[in-house]
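If you're matching them up, the sequences are chains A and B in order.
Under our numbering, the residue at position 24 of the first sequence is numbered 175, and the numbers go up by one with no gaps.
Under our numbering, the residue at position 17 of the second sequence is numbered 168, and the numbers go up by one with no gaps.
Everything labelled a hint here was simulated from the structure, so no lab data went into it.
If chains are identical, the list can't say which one is meant, so a pair holds when it fits in one copy or spans any two.
Below, in silico cross-link-like pairs of lysine-lysine (DSBU-like), each with a Cα-Cα straight-line distance of 35 Å or less:
#1 Lys218 - Lys153
#2 Lys231 - Lys180
#3 Lys180 - Lys215
#4 Lys164 - Lys244
2 protein chains.
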Amino acid sequence: MKPPYYAVIFSSKRKAGVLEYDSVAERMKELTMQQPGFLGISSARSADGNGITVCYWDSMEAIKNWKNNNEHLYAQQMGKNEWYESYSVRIAKVEQEYSMEAL
Amino acid sequence: MKPPYYAVIFSSKRKAGVLEYDSVAERMKELTMQQPGFLGISSARSADGNGITVCYWDSMEAIKNWKNNNEHLYAQQMGKNEWYESYSVRIAKVEQEYSMEAL
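Produce the entire structure from the sequences given, and follow the hints as far as they go.
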């Protein structure tokens, strides 16, 4: 992707033994990818429960629209009340990018 | 942290069975935290080898200095040649941040 574009950096610490998390997380990922302005998504979660998801968007407008999506708002509430010990969200403008694909 | 500040988003896919990775990664994390302008670091790696590390800095100058650190340059070469199937680095300016610490 050619900068500039936008990144939402979502860091979270999951509680142990939470129900229904995986299916909702999978659904949110699918929905994210269907939104206007979506450019990409990358996720990792360590065995200790610490996770980072970064998704990329072509505008701040696209981020705002996805933030206010009804199904997403419900998941945000569940995350806050049930799933996460803590989390943070950062919105950033990507200014440079370089990458390597091994041959 | 109060925006604006800078984020380096490092996404990587590790090769299986690479030697000495963990000790060098740990050393790089320690060194990162000692650099001028360092604000924070957050990492996660899934069992499948996909990892994301985001580190935060107070200026582009700080990022450039760390990128050119000798020991770090060596690790970058090792990563490129030995450890990673693929990786990407993005430099972004954090414009908004919000977080929740559960009580």
